[in-house]
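> Sequence:
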Amino acid sequence: MLAEHYETVGFGLFVLAFITPSLPAAFFLRQWLRARANPASSSATGKALLLCAILGALAYTAIFSWGSLVEPDWPELNCETATGPFSPPLRLLHLSDLHLQQESPAREKWMLRQVAALKPDLIVITGDIHQMENFDVPSLAKVLSQIHAPLGVFGCVGFDNVRILREAAPHLRMLENEMVTLRHEGKTIALAGLNKAGSRERIYEAMKGADYRIVLHHTPDLAAEAANHGADLYLCGHTHGGQVRLPLWGAIITLAETGKRFEAGRYQIGGTTIYTSRGLGLEPKPAPQVRFLCRPEICLFTIGD
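Residue numbers for the sequence shown follow our numbering, beginning at 4 and rising by one.
Heads up, a few of these hints could be off.
Stated by the list, open to error - 30 angstroms max Cα-Cα, derived DSS-like pairs, lysine-lysine:
(1) LYS122 with LYS50
(2) LYS145 with LYS122
(3) LYS211 with LYS190
Claimed, not checked - For each label pair, taking beta carbons as the anchor points, the in silico distance ranges come out as:
(4) GLN292 with GLN149: 41 to 47 angstroms
(5) ARG166 with SER25: 16 to 22 angstroms
(6) LYS199 with LEU61: 18 to 24 angstroms
Just so you know, the hints here were simulated from the structure itself, not pulled from any lab data.
Think of the CB as a built atom: it goes at the ideal place given N, C-alpha and C, for glycine as much as any other residue.
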């Protein structure tokens with residue numbers, strides 16, 4: 004039942020958490036209104052009311068400042084390992100939900116420094132590469148031109164304009180229900196980018212002979228399907244990890260058909276490793292430009308035996 008209505012439950016918990024700092028002030032306001040006939044009692048209750056109001060205001064200020072000014076530009080590098088046939092291991096950098104804007108925020112500059120320092124063998128970007136309204140080719144090229152890897156840079160489509168991306172970054176190959184074969188240390192890698200629409204069976208069939216099979220899709224919605232077809236690694240984003248998370252509950256909303264099942268981080272279905280990135284950017288306005296308990300991320304996979 005909770006799984007089916009997780010958004011309703013999540014929003015209810017969010018409202019409860021949101022109003023909690025104001026509850027002491029509301030309690031003492033009620034007491035103060037009752038005690039106004041007694042000056043001595045009213046004065047003591049009034050002081051408690053003022054103190055609670057100040058503390059509540061400080062709590063709200065701290066939370067909103069953290070969510071809007073600190074956490075959105077406090078990204079982290081997550082490092083994961085997976086079993087694979089490569090020796091030395093394959094270093095794969097997973098980027099997602101960059102939501103590139105015309106003006107590059109600090110997190111994008113941090114990401115480019117990480118790409119240069121990590122020197123991955125392969126880079127994949129699982130959709131929402133640019134902000135939906137950003138069709139400014141020079142600003143996109145400024146960032147994407149600095150993302151390179153020896154085996155290439157590949158992406159799958161989220162809410163992206165593929166024509167604009169091809170103009171801004173000719174080296175970025177967008178896979179739309181398409182598979183490419185790569186070679187690393189004598190082993191073959193089948194790398195597929197899947198769309199929700201269209202036939203995918205031929206792609207799964209073509210991947211079977213490879214030594215290692217990687218599936219890219221913007222959302223977690225095809226994770227179980229890819230696992231059933233023998234994928235070794237399924238990489239996605241879209242959920243932003245909820246962007247706002249609650250302690251002990253996690254994402255309030257994921258906008259994914261799978262709900263909270265693959266909301267953020269690493270999961271396993273049989274021999275398939277699934278990783279849902281929290282993404283680097285923020286949902287476009289008018290969505291709140293905040294993150295709370297949900298730092299931006301990029302993920303480096305080291306895949307070897």
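> Work down the list of hints and note, for each, if the structure agrees.
To see whether the hints hold, each was checked on the structure:
Among the hinted pairs, LYS122 with LYS50 is inconsistent with the structure: their alpha-carbon atoms are about 60 angstroms apart, more than 30 angstroms. A hinted pair counts as satisfied when its Cα atoms are at most 30 angstroms apart, and LYS145 with LYS122 qualifies at roughly 19 angstroms. Distance check on the hinted pair: LYS211 and LYS190 sit about 14 angstroms apart at the alpha-carbon level, within 30 angstroms; holds. Checking the proposed 41 to 47 angstroms range against GLN292 and GLN149 shows it is violated: the Cβ atoms sit about 24 angstroms from each other.
The beta-carbon spacing between ARG166 and SER25, approximately 49 angstroms, falls outside the hinted interval of 16 to 22 angstroms. Distance hint for LYS199 and LEU61: a CB-CB separation of about 46 angstroms, inconsistent with the stated range 18 to 24 angstroms.
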